[in-house]
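There are 2 protein chains.
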Amino acid sequence: MEEVGFDILNLFIVLLSAWGAGALIKRIGYPAILGELLIGVIIGPSLLGLVELSSTLHIISEAGVILLMAYIGMEINFKDLGKASWAGLLAAVGGFVVPFALGYFVVTFSGGTTMAGLFVGIAVGVTSLATKSRILVDLDLLDTRIAYVLMAGALISDTLALIIFAGLSSFIDAGAVNMSEILIIAGKIILFFAFSTGFGLYVLPRIGKWMASRNIDNRTTYFTLLLLIVFGLSELAELVGLHGILGAFIAGVFIKDGVFHEKITKDITRVFHDVSIGFMAPIFFVTAGFHVTLDVFKTDLMLLLLIVGVAFVGKIVGTILFYLPSGNGWREGFAVGTGMNGRGAVEIVIAGIGLQKGIITQEIFSILVFMAIITTLSVPVLLTWSTNWLKKRGELVKQFSRKGYLFLSANPLALLLGKHLADDNKVVFIDANKTNCENAKSKGFDYVHGNILEESTLNEAVAKDFRTFIALTVNNEINMLASQLINDTVFIPEKFVAISPHSGEGGSINILNSISASTLFSGKVDIQSWIQKVQDSNYKEVEVSVSKKITTREWLKSQFSEDKDLLPLVIIESTGAKRPFRYDDHIDADEKIIYIE
Amino acid sequence: MEEVGFDILNLFIVLLSAWGAGALIKRIGYPAILGELLIGVIIGPSLLGLVELSSTLHIISEAGVILLMAYIGMEINFKDLGKASWAGLLAAVGGFVVPFALGYFVVTFSGGTTMAGLFVGIAVGVTSLATKSRILVDLDLLDTRIAYVLMAGALISDTLALIIFAGLSSFIDAGAVNMSEILIIAGKIILFFAFSTGFGLYVLPRIGKWMASRNIDNRTTYFTLLLLIVFGLSELAELVGLHGILGAFIAGVFIKDGVFHEKITKDITRVFHDVSIGFMAPIFFVTAGFHVTLDVFKTDLMLLLLIVGVAFVGKIVGTILFYLPSGNGWREGFAVGTGMNGRGAVEIVIAGIGLQKGIITQEIFSILVFMAIITTLSVPVLLTWSTNWLKKRGELVKQFSRKGYLFLSANPLALLLGKHLADDNKVVFIDANKTNCENAKSKGFDYVHGNILEESTLNEAVAKDFRTFIALTVNNEINMLASQLINDTVFIPEKFVAISPHSGEGGSINILNSISASTLFSGKVDIQSWIQKVQDSNYKEVEVSVSKKITTREWLKSQFSEDKDLLPLVIIESTGAKRPFRYDDHIDADEKIIYIE
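Protein chains in written order, with the working numbering: chain B, 232 to 828; chain A, 232 to 828.
No lab work stands behind these hints: they were computed from the structure.
Note that this is a predicted model, so its numbers are computed, not measured.
Watch out, some of these pointers could steer you wrong.
When chains are identical, the list treats them as one kind, so a pair holds in a single copy or across two.
What the hints assert, rightly or not - The calculated lysine to any residue pairs, modelled on SDA-like cross-linking and capped at a C-alpha distance of 25 angstroms, are:
{"#": "1", "residue 1": "K779", "residue 2": "F791"}
{"#": "2", "residue 1": "K665", "residue 2": "I709"}
{"#": "3", "residue 1": "K257", "residue 2": "W441"}
{"#": "4", "residue 1": "K657", "residue 2": "S341"}
{"#": "5", "residue 1": "K497", "residue 2": "R450"}
{"#": "6", "residue 1": "K497", "residue 2": "N446"}
{"#": "7", "residue 1": "K529", "residue 2": "H651"}
{"#": "8", "residue 1": "K695", "residue 2": "Q715"}
{"#": "9", "residue 1": "K487", "residue 2": "H504"}
{"#": "10", "residue 1": "K497", "residue 2": "D448"}
{"#": "11", "residue 1": "K494", "residue 2": "V693"}
{"#": "12", "residue 1": "K771", "residue 2": "I395"}
{"#": "13", "residue 1": "K650", "residue 2": "L535"}
{"#": "14", "residue 1": "K779", "residue 2": "L320"}
{"#": "15", "residue 1": "K623", "residue 2": "Q715"}
{"#": "16", "residue 1": "K497", "residue 2": "F722"}
{"#": "17", "residue 1": "K657", "residue 2": "V693"}
{"#": "18", "residue 1": "K257", "residue 2": "H492"}
Kindly produce the complete structure, drawing on both the sequences and the hints.
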């Protein structure tokens, strides 16, 4: 046995630094990994020398990389990839191939080995996914076509990079030169992918079914099982000459909803997230910073500038060029390129492996870390600028992948609101009450007759494809609990909840906040009496304009001061599209309101 | 930097073995740790030699011990300890002191060092907590006084063992002999406990409040924070000369409900459970088996038999003797002794530290592992036997710590049912409706006016002290969701849910099963109409006997076949105590039923 001491002190210091730096950098809108790399450079041997790499840090960080890659795999949904469209594929390929080629040439022309060139090419070609989703929210871009292209592009580019890396690293290990060796290696790789695909598509779902049939619902049992699958495929990948991270990634990809019960998959994915992102992976990224030498700024400044330059130009120009056939215009291609310019976890993992295997020098490794830092820093700046440019030109195209309104309750008021929204949206009603369902049917609406608490009802309604959930029963508790459920299981992003003014709902606002739901009608409304009025046709619809931009809350207040009893239903946008009237929204001067009174 | 390879293969094999052996042994009712130790002995160098200890296994298992001790600390509730009573304290002290002394003498008389004697003494004195809770459920003992004494006893004994171990290990490290050195060490230890207590009681709650005030609800952030606290206190303990596990344990003890939001604490505790019990700690226990040498059965058989004998006799006789003053009788003391006879995680951790520090030999370590295996094996056998003996003598005393019924809704039907149950139980009603609350008040009941979804309402009702939750609103969804909430947050063990026969509740049975709730009234009942009848005093109460033992379901069927419209409220036991009529219960021949019609 190798006797190695367990080193709590450095583990503590590194985790503390990672946490602090990550939290700081997140406050200014950057991903935690950036802070972790930077603090690693600062406290590591190259600058302050406060901590050095111990076996404990090394083992924990290696385990962290395996778990992180499994987690990244878990987050990839190939169904989303299927929807990714032509544009996303173009952006991904262009954004990978061009910087890959440029990176390769820069390294080989400046005297590096072919292998080093290929490694740097991959590192330069990679796109970081984590970097962007946060930025898309900050820039309010989630609904735009760019966002979908970006996310699909990053996904494809990551998968592409990993596959190329897989092939590459296995040949490096084997040092193969002649044809028969290459064939053997290729055969092994094919066998590995065939085996792991077969395992993931056929064996794993059976294990899942068997466990469900035996009523095994202990989360820890599933966690251990998934760890075994991750470590098992990881080791198998190593055995065929691929790197272990690839097996872990593939294991993660196959751990999907259909395999285990939805809640189990969700819980376990979160545990993998906690353990990798919250514990082990930060150790890896901080210690990656330990290997960085600042001397490159003196000794290899030219190469540093060249690689960073290639990373920028290659990614952005490559994206623009390959994006042209999508017909979305070169300016949108430019915006997509700026958004894909960040590098993150996958790049550092690959660069780290290159360093460990001696394929790239410490200087190149350092350059790649700085490249990750600089490109990641550039994303919000360039993406803000490029999307603002598109916005000004009126070329920022919106695209919803989740569409339509899912109503809980098909009562007369819900049907009335649904009628307005159905003009340009899919509207589906869920109700456990037969009469309500028949009413919905008679008005030509789609409906699902069932209890919203049941998974089968949500599946029947294909709840996860909706953009907005509207809970409009007379019962506050049901509305809120259903919204919470919808948020926790199928995650419909927008949730509008009707709140009646009866007693005992003091805590509702907290619940609404915690699931980012919003109050329908912008305030407490006696739903029951409005349902009655609509049912008895004892109301009239009024359409009004507003004189200036005003919040829904203010508008409602201004109306109440005139002592009218009214219920605002929808806001009509200048394009004619309608959206429900809710709290925390504002009405522009060119928009109108439909209310009933 | 020490360059150490990351060893996925052995990690995979050890985790797989641990999982398989743990699952097998759990099927026959033993704790997983027993299977892990055994498989470690089998696959390790002493028997098959399939795996040997690598740095990866070592580091992961050491990290696992730290996280496991933190988790054990988290599970300890000092409020429970406060309730533990005189009897629990007596059993704990007797069950620790006597085997401790005997173990010490056996080792020193057979030529061991004083330090080895003290270490073995602690290992022999420890009681395993995890071993028992499962057995208590299997033997249906959870409600007995023995169960409470056992749990409190094991808790106190663990804490006692860790404190003594703390003192001991610090003196061993220092090798102190003269008075001034001893004083310095003692001073350091006192400072450490003062600091960690101050931190836990004053600083930690402030951090919690500050984070809550900033609306930080990202679970991973809390997980990282708690890891930092665990590693931090662990390192601090090492710095003052105590072992790191002690700091981790203390950190765990202070991570309690009041400090963070209840849900966060619960989530994080589960993550610590998943990572320690589901991943890292099994690596530790399997590799502990690697250090075992089977030669002790030849070379040190006498010492083995002596230590195991001392463990049995010391624990059981010690418990009986010290338990006498409790006035609960020596036979109950005997049963408690058999229940406390298992050793588990804490013993193996302490023995492992003894081996690592060179205080005990590999032979003694092996003996201690076998002692853990044999004593743990004995627990279900001896405890079944001793409690059956008590049962036959009519001396198995029941004791509920959770008592009474918490009702959701104070509607007239609920008040009627509550009136029956209030004869010998605490009954509290929660209702958001003022009229219902005033009705409850006028009938002299305790009530809480508020929404059950709010934490403050549950706190006001002191929901966590109840044994049974009865959801009796007219709305199935509310009843079920409230029960789910009650199950997930304050965990009231019994949940009886009223189900009305309106459409759309096909999935309710699954929900009820998943939270082990039971249907009130043993079937679907039109709650609304019964409420009306009770409100209008349009009913009469009937008391009937049953001729033979019958399930509630069968009884109800037999009544319906006579075409009566009745609602069974409670079952009167032979002692006069009443319990609600529910599904999945049976009525004995000497019991009566009260129903309304």
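Here is how each hint holds up against the structure:
Proximity of K779 to F791 under the C-alpha cut-off of 25 angstroms is restricted to the intra-copy arrangement: shortest distance 18 angstroms within a copy versus 67 angstroms between copies. Taking identical chains as interchangeable, the C-alpha atoms of K665 and I709 lie at most 25 angstroms apart whether they share a chain (18 angstroms) or sit on different chains (19 angstroms). In this homomeric assembly, K257 and W441 come within 25 angstroms of each other (Cα to Cα) only across copies, at 18 angstroms, whereas the closest approach inside a single copy is 42 angstroms. When the C-alpha separation of K657 and S341 is checked against a cutoff of 25 angstroms, the pair qualifies neither within a copy, at 58 angstroms, nor between copies, at 83 angstroms.
In this assembly of identical chains, K497 and R450 lie within 25 angstroms of each other by CA distance both inside one copy and across copies; the values are 10 angstroms within and 14 angstroms between. Proximity of K497 to N446 under the C-alpha cut-off of 25 angstroms is found in both arrangements, the shortest distances being 18 angstroms within a copy and 23 angstroms between copies. Neither within a single protomer nor between protomers do K529 and H651 lie at most 25 angstroms apart by alpha-carbon distance, with minima of 66 angstroms and 87 angstroms respectively. Proximity of K695 to Q715 under the C-alpha cut-off of 25 angstroms is found in both arrangements, the shortest distances being 14 angstroms within a copy and 23 angstroms between copies.
In this assembly of identical chains, the alpha carbons of K487 and H504 lie at most 25 angstroms apart whether taken from the same copy (15 angstroms) or from different copies (23 angstroms). Both within a single protomer and between protomers do K497 and D448 lie at most 25 angstroms apart by alpha-carbon distance, with minima of 13 angstroms and 17 angstroms respectively. Only within a single protomer do K494 and V693 lie at most 25 angstroms apart by alpha-carbon distance; the minimum there is 17 angstroms, versus 29 angstroms between protomers. For a Cα distance limit of 25 angstroms, the shortest separation of K771 from I395 qualifies neither inside one copy, at 65 angstroms, nor across copies, at 80 angstroms.
Taking identical chains as interchangeable, the C-alpha atoms of K650 and L535 are never at most 25 angstroms apart, the minima being 60 angstroms within one chain and 81 angstroms between chains. Taking the shortest alpha-carbon separations for K779 and L320, neither the intra-copy value of 43 angstroms nor the inter-copy value of 73 angstroms comes in at or below 25 angstroms. Proximity of K623 and Q715 under a CA criterion of 25 angstroms is satisfied in neither setting, with 38 angstroms inside one chain copy and 50 angstroms between copies. When the C-alpha separation of K497 and F722 is checked against a cutoff of 25 angstroms, the pair qualifies both within a copy, at 11 angstroms, and between copies, at 22 angstroms.
Taking the closest pair of Cα atoms, K657 and V693 come within 25 angstroms of each other only inside a single copy of the chain (12 angstroms); across copies the shortest separation is 46 angstroms, beyond that limit. Taking identical chains as interchangeable, the C-alpha atoms of K257 and H492 lie at most 25 angstroms apart only when they sit on different chains, with a minimum of 23 angstroms there against 33 angstroms within one chain.
Checked against the numbered hints listed earlier, the structure breaks hints 4, 7, 12, 13, 14 and 15; every other hint is satisfied.
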